[in-house]
Structures are given as structure tokens and as C-alpha cells.
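S.K.: Here is what each chain is made of, one letter per residue.
Protein chains: 2
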Amino acid sequence: MAPQVQIIGVAGMPEIRPGDDLAALILEAARGQGMDVEDGDVLVVTQKIVSKAEGRLVDLRQVEPSARAQEMAARTGKDARLLEVILRESQRIVRQERGVIICETKHGFVCANAGVDTSNVGGGVVSLLPEKPDESAERIRAVLAERAGVSIAVIISDTFGRPWREGHTNVAIGVAGMSPVKDYVGQTDPHGYVLRVSTMAVADELAAAAELVMEKLSRVPVAIVRGFDYERAEGSARGLIRPRERDLFR
Amino acid sequence: MAPQVQIIGVAGMPEIRPGDDLAALILEAARGQGMDVEDGDVLVVTQKIVSKAEGRLVDLRQVEPSARAQEMAARTGKDARLLEVILRESQRIVRQERGVIICETKHGFVCANAGVDTSNVGGGVVSLLPEKPDESAERIRAVLAERAGVSIAVIISDTFGRPWREGHTNVAIGVAGMSPVKDYVGQTDPHGYVLRVSTMAVADELAAAAELVMEKLSRVPVAIVRGFDYERAEGSARGLIRPRERDLFR
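Residue numbers (our numbering), protein chains in the order written: chain A, 1 to 250; chain B, 1 to 250.
Take the hints with a grain of salt, since some may be wrong.
The list treats identical chains as one, so a pair stands whether inside a single copy or across any two.
What the hints assert, rightly or not - Computed list of lysine to any residue pairs in SDA-like fashion (alpha-carbon distance at most 25 Å, straight line): (1) LYS106 x VAL150; (2) LYS132 x GLY55; (3) LYS106 x SER179; (4) LYS78 x ALA112; (5) LYS78 x GLU15; (6) LYS78 x ALA142; (7) LYS132 x ASP247; (8) LYS106 x SER198; (9) LYS132 x ASP36; (10) LYS132 x ARG147; (11) LYS78 x LEU248.
None of these hints come from the bench; they were simulated from the model.
Build the full structure now, drawing on both the sequences and the hints.
M.R.: Right, here's the structure in full:
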């Protein structure tokens, strides 16, 4: 039988506010469209609603830019308060050129603006990445697993650019309940050849797949991926971060 | 109604040989598992079977390594004949460090070993990327569209690594019948904010999604993605290559 995977968007979520119980709202929205969370599902949840529920929002009007942020603002024409927030979220600036700021976040992710985002928030407020996205994923996983009585995995996704290729893709920034990678190292192909360097970043591929039903403009912030046979594990997105000393491009 | 996308692996393909009619074999295998190609489907086909059907295979025993390849072999301990093939497929070496050779292929893709691959081929033979992957995709698309009487899109996928993040993901190296990107630039989010930098690389996300049903070891070299609302267009994977002069990491 041919393998088959379904990706189902969860629509009908309300506008998320700080303190909201995301797991409960996701379950309610899923049931509202006549479906339940099932054993073996992978729930992909966009960072934006996680950040909102966790109150990871900053009102730029209350930000006092540092000298470094002001200097960067003078050089780039960008908002010094936004730059200040980006600097606070970064452990290092990887590149700063042509209006693009590529940062290494405190978590170790390399992305534009340290994940600080002005879209889908409103009125001078920006959103930050969740402080501990693995723990965010685990909280949602634990509550849903208990309330729906099933074993599932949860991925927190965000939209990142990448070198060499145009366009953004969704990647995993938080993982709970599954191994973020699938390892073929040491296994043999049908010709008996050993597959030496084949570790697939399945959590990133699941995040990318989920994006196909998450329209940026149509409020589908959650997707259920059903039918994918993942390796159950505690899980963490740290396994997707290449250590700086082994990275040829930092 | 919530958006929903299905990813269905096409199993039961025979071992592909040079000259094989891939489109016919894909249609036969799909029908053999009781399904047809439907209007609006995206077919994701792994590079390996395209390269085999197109005879993009090189027997290393017939390769005469150049002085440059021999010098690289002496320095790295790698097979000089393999290095020769990699050099022939490259327009430029982007990085060469710690046993990794990141190349810019003649097409402009940046990837390890210029896409030259020893796995799933057999006996001293390596596979090269298709010479013109967009044309490979278009040939499959045109034949399938005609024989099944439907309008579809075709993506040729390959497994690439990436900077900063561990693990490989599938990306699109050839595209026909759809725009490889979805552009949100200039559209407004539900708060009325303009989404300034949101071009999603949907062809790469489709390739990644397809990988979820393509087990490297179980001969599922084709997947049908059903239910994704793509923008119909001639299509090309060139739109996914960031021009060198706009790339901060080359």
C-alpha cells in the first residue's frame, strides 16, 4: 500500500491574546470543523499565535533604543526602537547588508531580524519568538494529549529565509513528542550501498508541508499532519541547529 | 471549510533505465495502486529516476581525472575520478572544508558535490543532476497532461543540505506548470499591515512535503500532492535561485 499523508488546516481560531489556553482553543477549533486530534498526529502551530498567547509582544513606543541601535538606525534608516528589540533578541549579528539583518537568536537560530516581526500583530506592537519554543510545544502537546487521550507530536513553526535560494519556507523552531530528524546514516539502499550522509530534517519538512494549508492572510494558524510515521521521542528543535563550529557559513 | 492537502506516494515503479518513458511508468504505477492523476495535482518526482531515465550516469572507471582533481584528491583523500565529475558539473566551488565540497552547479544551484550522487545507482556508477531539470519536468507534465487529459504541475526534487541547520530537506530543482513561489508582497494582513517581505517558496515546500512519503529505502520515487491551490504558469526552478550578486553567503 502506498504511504499517504494528510495535511488539514485548522481554521476558525479566535484572535489570540496573552494568557489564552492555546491547546484548548486548538482542540475547540478542530472539533468545530468536525474533526478530532488523533493518535499519531503531528500538530504544526505557527509561532505567531504561540508568541501572542505567551505575551511575547513589545510595544515599540515603550522601547528606549541603546546607542548601538541608534547608530545602526542612522546607518540603515530603520526604526531605532525596532533595532533595539532585534539586538536584545540576538546573541550575534551574522550579516548586515543591503537592508537585511541576519541574526543568531538567543536560541541559536539564524534568521532575519532575530524573528522580531511586525506583521499580524497590529498598532506599533512587534512579536518576539517564544522564549523556549520546545517548552511551548511541550505544553501544547501535554494538554492536547491528555484532553484528547492520544499520543501526538507538536511543532512550532516559523517562516525563515535561507541563503542561495529565493523565497521563504516554514521551519521548525520548537519540537515536542518526536525526533526532529530521521536518520538513514549507515542504512543501505536497494543496491546495497551505504547511505552515508542522509539525515533528513523531517520536522522542517513537516513545518513546510503545513504551510501549504496555512494561508498567511486567511487565519489558518494550525495544521494537523496525519499519517506520517515519526519516531516518538521527547524531541527538541535544538537538533536542527548546526553548531557554529561545524557551520561553514557563519 | 478548512483547507486540506493530501500527499500520496506512488510505489511499485520498476527500476528505471536510460531511455525509459517516465511519464508512462508513473501513470502505470499510479493506476496500479488504484488512483489516477487528477486535474490540479502536483507530481513530485525525485531527481534520481529522472537522471537514470535521461542516462545522466557516469561510470567512474571511464573517468580520467584532471590535474586539479588529482590535486584535490591528494589533499582530501577522496576519489580523484569522483572529484573530476564534480568539477565538470560545477561552475564554481563555494566552500571546500572538512570533507565537504559545496558547489555552484552549472544550473546555479548551490549544493554538496554539485549533485553528483553515488547512492541508489550501483557499481562504480554515479548519477548527475538532469542537464535541464525544468525541461525534464515539462516533458513529464506534457505527456501526463495529455494521456490523463488533465492540467497538472510537475516538480523534480532533490535532497539538499543547507547552512545553519542540521539535516537535509527536499527542494525543487525543476518546475513545470506552476509558479515556484507564492507572493504576498504588497498584500495586507488581517490588521491592515502590508506584508512586505513574504514570498513563499511553495515549490520547495511541496518537494519537502512529498519527501514525507518518499522513503529513501523503499522505492517511492514519486508523490502526488492533491488539493494545493497553486498559480498555474509555465514555471521554472530558476525563480528559486538567488542571483549571486544578491546573495550574502556566496
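S.K.: With reference to the structure, classify each hint as holding or not holding.
M.R.: Structure-based check of each hint:
Proximity of LYS106 to VAL150 under the C-alpha cut-off of 25 Å is found in neither arrangement, the shortest distances being 33 Å within a copy and 49 Å between copies. When the C-alpha separation of LYS132 and GLY55 is checked against a cutoff of 25 Å, the pair qualifies only within one copy, where the shortest distance is 13 Å, while the shortest distance between copies is 49 Å. For the identical chains of this complex, LYS106 and SER179 are intra-copy neighbours only, at 22 Å inside a copy versus 36 Å across copies, given an alpha-carbon limit of 25 Å. In the homo-oligomer, the alpha carbons of LYS78 and ALA112 lie at most 25 Å apart inside one protomer (14 Å), although the nearest pairing across protomers, at 36 Å, exceeds that limit.
Proximity of LYS78 to GLU15 under the C-alpha cut-off of 25 Å is found in neither arrangement, the shortest distances being 29 Å within a copy and 56 Å between copies. Neither within a single protomer nor between protomers do LYS78 and ALA142 lie at most 25 Å apart by alpha-carbon distance, with minima of 41 Å and 48 Å respectively. Taking the closest pair of Cα atoms, LYS132 and ASP247 come within 25 Å of each other only inside a single copy of the chain (23 Å); across copies the shortest separation is 30 Å, beyond that limit. In this assembly of identical chains, LYS106 and SER198 lie within 25 Å of each other by CA distance solely across copies; the values are 24 Å between and 28 Å within a copy.
In this assembly of identical chains, the alpha carbons of LYS132 and ASP36 never lie at most 25 Å apart, being 27 Å within a copy and 45 Å across copies at closest. When the C-alpha separation of LYS132 and ARG147 is checked against a cutoff of 25 Å, the pair qualifies only within one copy, where the shortest distance is 23 Å, while the shortest distance between copies is 52 Å. Within a single copy, LYS78 and LEU248 get their C-alpha atoms only as close as 29 Å, which misses the 25 Å cut-off; across copies the closest is 19 Å, which meets it.
Against the hints set out earlier in the document, violations occur for numbers 1, 5, 6 and 9.
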